[in-house]
Amino acid sequence: METYASLRNLKFLLHEVLNFSQLQQYERFADYDDEAADMALDAARQIADTYLYPFYREMDKDKAYYAEGTVHTHPALKEGIKALADGGWIAAIDDYDAGGQQMPATLLHAGLFQFYAANANLAAYAFLTQAAANLIRTFGDEKLHEAFVPDMYSGAWQGTMALTEPQAGSSLSDITTSAELTDEGHYLIRGQKIYISGGDHTAVDNVVHLLLARIKGAPAGTRGISLFVVPKFRLEDGELVDNDVTTAGIFGKMGQKGYVAAHLMLGEQREDCHGYLVGSPHQGLKFMFQMMNEARIGTGLVAAGTASAAYYAALKYAKERPQGRHPSNKDVNQEQVLIIEHADVKRMLLFQKAVVEGSLALLLQCSKLSDIAHVAEGEEKENAHLLLELLTPIAKSYPSEMGTLAVSTGMQCLGGAGYTDDFPLEQYYRDIRVNAIYEGTTGIHGMDLLGRKVTMAKGKAVKLLMQEIQATIEMAAKHSQLADMATQLGQVTRQLHKVTLSLLELASKEKPEVFLADATLYLEYFGTVTIAWQWLKQAAISNAALEKDLSTDEYEFYQGKVFTCRYFFEYELPKTSGLAYRLSSEDRLTLEIEESFIN
Amino acid sequence: MKLLVCVSKTPDTTTKIKFTSDNSELDTNGVQYIMNPYDEWYALVRALELKEAQGGSVTILNVGPAENDTVIRKGLAIGADEAVRINADPQSSLNVAKQIAEYAKGEGFDIVFFGKETIDYNGSEVSAMVAELLDMPFISYASHMEMDGNNATIKRDIEGGVETLSVDTPFVISAAKGLAEQRIPNMRGIMMAKRKPLKVVPAATFDDPVATVSYELPPEKGQVKLIDPENMDELVRLLHEEAKVI
Chain A
1 METYASLRNL KFLLHEVLNF SQLQQYERFA DYDDEAADMA LDAARQIADT
51 YLYPFYREMD KDKAYYAEGT VHTHPALKEG IKALADGGWI AAIDDYDAGG
101 QQMPATLLHA GLFQFYAANA NLAAYAFLTQ AAANLIRTFG DEKLHEAFVP
151 DMYSGAWQGT MALTEPQAGS SLSDITTSAE LTDEGHYLIR GQKIYISGGD
201 HTAVDNVVHL LLARIKGAPA GTRGISLFVV PKFRLEDGEL VDNDVTTAGI
251 FGKMGQKGYV AAHLMLGEQR EDCHGYLVGS PHQGLKFMFQ MMNEARIGTG
301 LVAAGTASAA YYAALKYAKE RPQGRHPSNK DVNQEQVLII EHADVKRMLL
351 FQKAVVEGSL ALLLQCSKLS DIAHVAEGEE KENAHLLLEL LTPIAKSYPS
401 EMGTLAVSTG MQCLGGAGYT DDFPLEQYYR DIRVNAIYEG TTGIHGMDLL
451 GRKVTMAKGK AVKLLMQEIQ ATIEMAAKHS QLADMATQLG QVTRQLHKVT
501 LSLLELASKE KPEVFLADAT LYLEYFGTVT IAWQWLKQAA ISNAALEKDL
551 STDEYEFYQG KVFTCRYFFE YELPKTSGLA YRLSSEDRLT LEIEESFIN
Chain B
1 MKLLVCVSKT PDTTTKIKFT SDNSELDTNG VQYIMNPYDE WYALVRALEL
51 KEAQGGSVTI LNVGPAENDT VIRKGLAIGA DEAVRINADP QSSLNVAKQI
101 AEYAKGEGFD IVFFGKETID YNGSEVSAMV AELLDMPFIS YASHMEMDGN
151 NATIKRDIEG GVETLSVDTP FVISAAKGLA EQRIPNMRGI MMAKRKPLKV
201 VPAATFDDPV ATVSYELPPE KGQVKLIDPE NMDELVRLLH EEAKVI
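One line per chain: the protein sequences are A and B, in this order.
Under full-length UniProt numbering, read the first sequence as residues 1 to 599, first letter to last.
Under full-length UniProt numbering, read the second sequence as residues 1 to 246, first letter to last.
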């Protein structure tokens with residue numbers, strides 16, 4: 001049995017569901033055949049087994065702490081980051097001639113899923129660095145690239161995203177960190193940043209912040225925000241010198257205790273914090289948000305990975321723990337049965353499996369769309385981009401929200417033991433929760449989906465998705481065992497379309513507050529239908545595979561897929577009826593209720 | 001130095017082993033294969049370390065069918081310069097040894113590396129046979145090796161201690177734990193592996209003097225018995241009478 005993530009499932013999704021090797025038709029990915037992909041996934045598993053998973057619980061118990069102006073982290077962090085860097089994973093997506101491997105995001109994310117499932121609190125440092133380096137190489141000039149990216153790729157330097165300030169979280173238009181141009185060409189940065197993941201720690205020689213600040217005299221609001229590189233130590237005459245970036249402390253978090261969130265003071269001690277502008281002035285938020293899709297898929301992967309590890313911990317326990325007897329057996333002299341034999345425990349395990357593997361399927365689907373949007377041309381590129389834009393809020397939010405419930409259900413499988421720190425479920429529960437908050441809360445994504453994504457390009461993205469779902473329905477309908485589910489998905493999809501049209505009609509008649517009041521529920525509704533689509537696709541492919549002569553392991557794998565799809569359509573998909581009811585209702589209670597009535 | 005590392009393909013350690021209906025062959029349906037860990041982790045990595053320190057080349061060699069190429073490519077991804085596959089499906093250790101010796105005898109290898117055994121058959125036979133066929137010295141179960149010119153000082157774990165040996169090249173060595181530390185292939189190595197040469201050599205004809213009659217699985221493990229921590233007498237009785245370990 002797997003410990004934290006199923007390599008077999010990753011290979012199933014990559015090769016059998018997504019036809020990964022199709023990407024070879026694009027010049028950039030021509031070297032990536034199935035054998036290379038499998039070898040990469042196996043290597044990722046070895047890194048995860050050796051450098052990440054053994055330290056997951058240790059990094060929680062010996063958590064990061066702040067002392068004498070710096071943040072001390074678990075000793076395993078340095079080696080873990082180095083293993084990921086030496087393995088070529090931090091630089092993986094960059095060009096061959098820039099030290100990268102031109103790896104498709106589809107494969108990178110399949111690797112990341114394993115790293116995050118093994119120990120997201122360690123792996124996140126490395127892939128935050130990757131995202132920061134990606135911003136520099138995409139929008140920065142050659143000088144910035146040469147000065148910072150190589151040391152970030154080697155794992156010697158940490159990268160961060162420094163956005164949030166004490167008064168500006170979701171509302172980035174309110175940031176006040178300032179930047180003043182000097183005669184030497186750099187900017188002097190002054191301000192504070194909070195909740196900066198990886199913001200300071202002893203496992204690296206330097207920390208490079210990709211930081212949003214407002215150039216003095218810039219217009220108010222989001223249009224006046226620029227992006228800067230602000231290192232902890234700056235290079236002067238070939239030596240690293242203090243850049244007046246002070247760590248005021250770290251935040252005591254509910255979970256992810258090995259993954260620091262720092263409070264940074266910039267230029268507060270000597271007014272000597274140098275920042276280097278990335279790209280043109282006032283384009284900072286635009287640059288940052290071009291990278292945000294990637295970050296949101298990353299958050300979804302962290303959540304799905306954590307839920308995966310919790311699922312396998314619960315499954316292991318359920319297959320080892322004898323407790324109780326079947327309801328039809330009252331004979332206490334007979335041996336107790338393993339808890340996995342109880343129908344309710346099976347239901348709980350199926351829920352977890354459905355969430356984990358459904359989420360992962362969607363995340364990798366989005367990753368492939370991202371690859372196609374990156375390298376294709378014309379309509380193919382545009383369609384992939386539109387679908388990716390539409391699905392990203394779901395790929396981020398569904399694993400984060402439902403993954404939290406899945407981990408909670410995993411804990412339930414263990415009974416009282418699950419609540420103790422003798423088992424990892426309590427840590428997974430604490431660790432997964434923040435993903436519904438990172439990179440835009442679920443509420444923000446609900447509004448993004450309903451307020452922007454479903455209407456963009458005159459609804460073309462939704463139309464493209466409906467075509468994809470219809471193709472899956474037609475594929476599944478060819479299998480007699482799946483025909484009812486194919487019909488069910490068709491009905492639910494038509495219902496979703498109808499609800500969407502009614503909400504859009506509402507938008508044309510009423511103020512935005514009315515239309516967007518239940519956007520979070522719309523996101524849940526849309527997400528459940530989307531995951532059902534992913535499950536039906538997996539079931540159709542599995543059902544076809546079951547017609548072959550299979551080994552016992554393979555037979556059980558594909559049956560597991562078909563049964564989990566059945567579970568989803570019987571237990572989860574019907575919940576959309578309640579959501580459709582609410583979203584179609586004319587009761588405006590959340591708008592009508594006075595704040596003072598919530599007491 | 002010219003170094004040869006002989007590698008085998010073995011079922012993954014998590015494979016559920018089954019046999020065909022007459023129990024004379026492994027049922028390969030659904031079996032996942034890996035490179036034999038002793039070949040990969042110790043023999044290959046020590047050879048690569050020697051090459052990195054002293055220059056030269058590392059060739060990996062496998063005797064088997066085309067399905068083995070995936071395993072061979074992993075060796076190339078870890079860092080070997082080239083690979084040779086002898087296109088044969090021999091049924092005995094002696095036949096495998098003869099195939100390897102036939103290829104190696106004219107190539108002038110300084111050291112021929114093997115893992116100390118394969119994790120499927122655990123025979124530890126082929127390396128010794130190759131040494132004999134090539135008329136080279138053979139050091140088995142090596143856990144440490146240092147080179148000084150063409151002389152190697154090799155340590156091997158023996159019952160209750162360590163034996164130190166000295167040998168000049170050319171020689172055959174079988175690698176045990178400790179000889180090197182496992183390397184995980186990096187992405188650059190993985191992408192380079194496809195571009196490295198993998199030469200397929202036709203098999204020589206040798207008889208298989210030994211044939212497998214049948215295999216038998218060990219008896220299944222019994223159920224775990226939970227014993228009250230206060231009941232030490234019962235624990236002692238079970239260890240004595242059933243487990244027969246005391």
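Keep in mind that the hints were calculated from the coordinates and are not lab data.
There may be inaccurate statements among the hints.
Derived lysine-lysine pairs resembling DSSO-like cross-links, with alpha carbons at most 27 Å apart [to be verified]: (1) Lys-244/B with Lys-51/B; (2) Lys-11/A with Lys-177/B; (3) Lys-16/B with Lys-346/A; (4) Lys-196/B with Lys-316/A; (5) Lys-11/A with Lys-18/B; (6) Lys-16/B with Lys-548/A; (7) Lys-78/A with Lys-61/A; (8) Lys-346/A with Lys-225/B.
What you are looking at is a predicted structure, and each value in this text was computed from that prediction instead of being measured.
Verification of the hints:
no. : hint                     : verdict
1   : Lys-244/B with Lys-51/B  : 50 Å, violated
2   : Lys-11/A with Lys-177/B  : 31 Å, violated
3   : Lys-16/B with Lys-346/A  : 24 Å, holds
4   : Lys-196/B with Lys-316/A : 42 Å, violated
5   : Lys-11/A with Lys-18/B   : 24 Å, holds
6   : Lys-16/B with Lys-548/A  : 20 Å, holds
7   : Lys-78/A with Lys-61/A   : 17 Å, holds
8   : Lys-346/A with Lys-225/B : 25 Å, holds
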